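> Using the sequences and the hints given, assemble the complete structure.
The lines below spell out each chain.
There are 2 protein chains.
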Amino acid sequence: MHFTSETSSNGVLERHFVLGDISGVLWSPTIPGDAPLLLAGHAGGMHKEAPGLVASAHYNVTDHGFTVAAVDAPGHGGRPRDSRDHAAVAAIQQARAAGEPIDAIVSDYSMSVARRAVPEWRATLDALQSLPEIGTEKPVGYGGVSLGVVTGLLLAAADTRIAAMSFGPVFVNDALLAAARQVTTPVEYRIPWNDKHFDRAAGIAFFDALGSADKSLHAHSGRRYPVPDHERASSARFFTHHVGRSGI
Amino acid sequence: MHFTSETSSNGVLERHFVLGDISGVLWSPTIPGDAPLLLAGHAGGMHKEAPGLVASAHYNVTDHGFTVAAVDAPGHGGRPRDSRDHAAVAAIQQARAAGEPIDAIVSDYSMSVARRAVPEWRATLDALQSLPEIGTEKPVGYGGVSLGVVTGLLLAAADTRIAAMSFGPVFVNDALLAAARQVTTPVEYRIPWNDKHFDRAAGIAFFDALGSADKSLHAHSGRRYPVPDHERASSARFFTHHVGRSGI
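Protein chains in written order, with our numbering: chain C, 51 to 298; chain L, 51 to 298.
Be careful, since some hints might not be right.
Copies of the same chain look alike in the list, so a pair counts if it works inside one copy or between any two.
[What the hints assert, rightly or not] Taking lysine to any residue pairs in the SDA-like style, the calculated list, with each CA pair at most 20 Å apart, reads:
(1) K246 / R273
(2) K246 / A263
(3) K246 / S262
(4) K188 / G83
(5) K246 / D153
(6) K246 / D264
(7) K246 / P151
Since the hints were made in silico from the structure, they are not lab data. Source: prediction; values computed, not measured.
Structural data, given as structure tokens:
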């Protein structure tokens, strides 16, 4: 892992890094300290610096003292697409053009990308934990929406370093439900109640499937954007409770 | 309204009061200040000093600076029962003895009690607001579970002083759904995901029916008791946001 840029503004140190084929970014407090680590998984079609992800990362750094890492998923954010990526992107575009639902295509594609992303996240986490300011002692949180949720599920099932996950909405299919049943990590899951793209019943079925003994569903009126301030704050408190310095 | 007792401990001033037939209790910070008012509605079969209600009241006073009022519902807490109360209590006992579900009986009875409780709460609120430390200027919050939810719905529909409501689980029937549709007050609604007494689908239908533009559903793993600490804290923050001093 090597850092390719370092800038800071408004209390946030931003460092871009490269690890093999993986491109990532790390946000941390400009005043060094014992900041716990959160991993942020972006949505399908987005990248490590998706506006909502960056806004949440800055908030978690400045208001709650976390360090946040994001990487571009395979086939995303300028990373090369393979045949699976090209086929999926073409299928999504075709369905959109025909006015057909994209849920099933996106769900299948998300699972494909997430399977490839898991070893990359694990390698990234190894590298991040080799940094002296992060270290290997502390539990790690994971937050994500859409593709980021699928990735988080598979990652948590594969890597016990993930101690808590905060999810936003995700397209649900049987493979996702099966993955959810394998998860035992504490989860907070946020869904919009009035968003035509996300089916409520599917969202509730996903929550129900989660194998975690400690899980919370937060449904809020409105659409998926903007995320209500109180939900962003709730997610930060959830992480502080599970992976924060004080354990409170 | 006159106060019949006054004690204080651990930073909480507790005053019992009587207003006509109504028996109530008021908890407030021992250090006087501009404490916003919350009304607390107890569950069916309980009373104004139900353990969970008292614990929440103390928490909201000491940790969040609220004043909290509770009253015994008609037919509850040592108040005389009328023929409706006697009939309902007998029916519930009979169903329990026969191992039959009590949901429908409890739902009907809660609506009957709540209708009688609303004018009592309004008179209590008038009296409370005539106290100099409370006054008429500030919005008022309402929290409740079970019967307390039914009462809150009818109270908020009848009295615009109720500016925010935080609810726990409630038995749902068509009359409750109809009442929920009339409500426009912001609501936070908490349900247990693994409680044999409360049907998830009914809880979600109730959330969906709420007419409020600003509403949140919080489902937590586990049963209805104990209420998770983070949910109690969430409710306090919800009230602070809507009826708190700073409006934050």
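> Any of the earlier hints contradicted here, and which numbers?
Those not satisfied: there are none.
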